[in-house]
Amino acid sequence: MSEKKMLDDQHYEEMIQEESICINDNIVYEAPKSALYDTPMHYCPGCGHGVVHRLLAEVIEEMGILNDVIGVAPVGCSVLAYNYLNIDMSEAAHGRASAVATGIKRVLPEKLVFSYQGDGDLAAIGTGETIHTCNRGENILIIFINNGIYGMTGGQMAPTTLPDMKSTTSPFGRDVITMGAPLKMTDLVAQLPGTYYVTRQSVHKPTNVRKMKKAIQKSFEYQKQNKGTCFIEVVSNCPSNWKMTPVESNKWLEDNMLPYYPLGDLKTPDGK
Amino acid sequence: MAKVKGDIVIDIEKCKGCELCIAACPQGTLEKSKHVNQKGYLYIVKVEDNCTGCANCALVCPDAVITVYRQTSKAKQQVAKISNVTGDLTVTVKE
Amino acid sequence: MKELKLMKGNEALAEAAIRAGCDAYFGYPITPQSEVLEYLSREANNRTGMTVLQAESEIASINMVYGAAGTGKKVMTSSSSPGISLMQEGISYIACAELPCLLVNVNRGGPGLGTIQPAQGDYFQSVKGGGHGDYRLIVLAPSTVQEMADFVGLSFELAFKYRNPVLILTDGALGQMMEKVELKPQMSREFKELEWATTGRKNGNGRVITSLHLKPDEMEVLNHHLQKKYREIEKNEIRYQAINCEDADYIIVAYGLVARICQKSADLAREKGIKVGVFRPITLFPFPYQQLKEVASNKKGILDVEMNSGQMIEDVRLALEGSVPVRFHGRMGGIVPSPEEILDKLEEKFIGGAV
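Residue numbers (this note's numbering), protein chains in the order written: chain S, 1027 to 1298; chain C, 6 to 100; chain L, 645 to 999.
The hints are simulated quantities; they were obtained by calculation from the structure and are not laboratory data. Treat the hints with care, as some may be off.
When the alpha-carbon atoms are kept at most 27 Å apart in a straight line, the in silico BS3-like pairs for lysine-lysine are as follows [what the hints assert, rightly or not]:
1) Lys10/C <-> Lys1059/S
2) Lys1244/S <-> Lys1293/S
3) Lys10/C <-> Lys1231/S
4) Lys51/C <-> Lys1231/S
5) Lys943/L <-> Lys879/L
6) Lys1210/S <-> Lys1253/S
7) Lys1269/S <-> Lys39/C
8) Lys873/L <-> Lys805/L
9) Lys873/L <-> Lys859/L
10) Lys37/C <-> Lys1269/S
11) Lys1059/S <-> Lys44/C
12) Lys1244/S <-> Lys846/L
13) Lys39/C <-> Lys51/C
14) Lys1231/S <-> Lys37/C
15) Lys1277/S <-> Lys39/C
16) Lys1250/S <-> Lys846/L
17) Lys993/L <-> Lys919/L
18) Lys10/C <-> Lys1237/S
19) Lys1277/S <-> Lys37/C
20) Lys908/L <-> Lys937/L
21) Lys51/C <-> Lys1059/S
22) Lys649/L <-> Lys824/L
23) Lys1293/S <-> Lys1253/S
24) Lys1277/S <-> Lys51/C
25) Lys1231/S <-> Lys39/C
26) Lys846/L <-> Lys1059/S
27) Lys879/L <-> Lys805/L
28) Lys1240/S <-> Lys1059/S
29) Lys44/C <-> Lys859/L
30) Lys44/C <-> Lys1269/S
Only chain S is shown next, with the shape it has when bound in the complex (with noise of 0.2 Å):
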């Protein structure tokens, strides 16, 4: 290490350290590192799942649970989210996560569980399995993407594409004489008693996201207390198949999807 530096180097580098706030002391935000890994995601630019992965992550890092959790990843775009998060987990049928979730918990009763599932998985194909781990009360956290579309298979109606919503398999509207009304399983769920905690969240604000961090950190103390369900649903965008930007489809969401499901609590341990 002989060599001599360049004075103009030197004294590039020492303007560079004066002035950089970017410090390891300074840091008021950072991507979680043991509890996700440092990989791309597969997720389509401005996809929420990304963000729901990455709150996750926090809250388990956060919360010392690194070796407590155990997730279930369901069929659909978070099929591979244990190639992202981790921690254990299983990867479910399609519909059936929240049964994977209750066999897991039913054996390990000490550890905490959650499933992760979208909207045609948790609503249409698993409805029965969503309404009885709840009904039972199932110790688990159910999280719920909800962006009224089937996001993998490339855009076709859900049980919760809004009525007119345009689909691939209903390409002039969703008819809700025909096709059925979007179903809100999270009002459905919130009404049986095994529920202990039912709330929908965004993540496409800042606050709404700060409100989904709450909500993860809040089921998994309620789990811990062994106090039943927690379900977590996110209205989440799909600009890919709403066939919009990231930027608009976040505007989409609010003027449509949040009208049809309002944010906040249906069902809080206070009875609210």
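Chain S is fixed; fit chains C and L onto it per the hints.
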């Protein structure tokens, strides 16, 4: 009141250029770059030096590519550190 | 000291599960196997702390088994034909993810809703795969209530040895009939952490239970691995019974309950001076091809008897490769053949000359 100084670092190779951070930034600090990364996305760059470190961009980022920094005031850091004191002691702290 | 009890086949199986230290049972009522769920609901939890859960469907049951088996616990389910059909997707996932577990099919007459009487129409489904993709279950076919009990412990042993689901293929008659059964002592439910099982992260890296491998080259590697395992099972785990076959001129091949009826037919035949033996495969997968070929060589004829339209006969023919004439007698729709009827058919098809 002194303005809070912040900064961000973007992992441009993982960025997909979705622009949600641009929409979330209250300062107008961010822009899309003119160049693509290895994946072919026009990534996001910081173009203004007015970041406050509010972290809104990082919160909405679906790909967890943004690290946010905020300068902590040195004056605040240097508040008296006194320990293991017995008996009477009078201290005056000047701003 | 022997512990002898008079029990129904389904109850003996359930009792054996408790005693084998089974950790969890997930099931759904269906005739003629509901006694398994009923017995376990009554007996299991208060004796060993075993989890017993009545699911909302067979589909949910098998997926609960998938989840629980992924933790390395001893897990089982049971059902009867239509319910087992509903489980096939889940069984395929379990086989692909290589999860050890015990499945029980108390076979009833089909197709469709069929009948609640005993049958063997699920041979193909059990032995040749059942669900989608290339996979095999280890299939054990008991023919007594004693074996209904004994095969539970054996199944768990094999399931964990090979990380493969094991199916006990029995039928409505064996499930319902009462016999004397000698019970094994209670085993502890001590839990041994398995290196692949998802019990909460260890050593900094998340483990994954999955059957998804999007890249075709990876999926082919996995398939080769599974096939290698099945060959290993074929090498090590063949079980069968050859009864009075050495001096016999004719061999009856049958499994499960029918094999017992055929023993009576063989006794009746010998009273009439016809030398008949019985060959009974105990493992239907792996099938005792070589063993059957050896036993059947130089015999005058083979009669395959099943409670279906002829399913195992395909394996019998594969085993014999045309070396010995093979004839078939089967009853369907829940009818159990009588010993006399089987002997009549043997005489008719071989000795009488009629084919």
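Hints the structure violates: just list their numbers, smallest first. No hint contradicted; all consistent.
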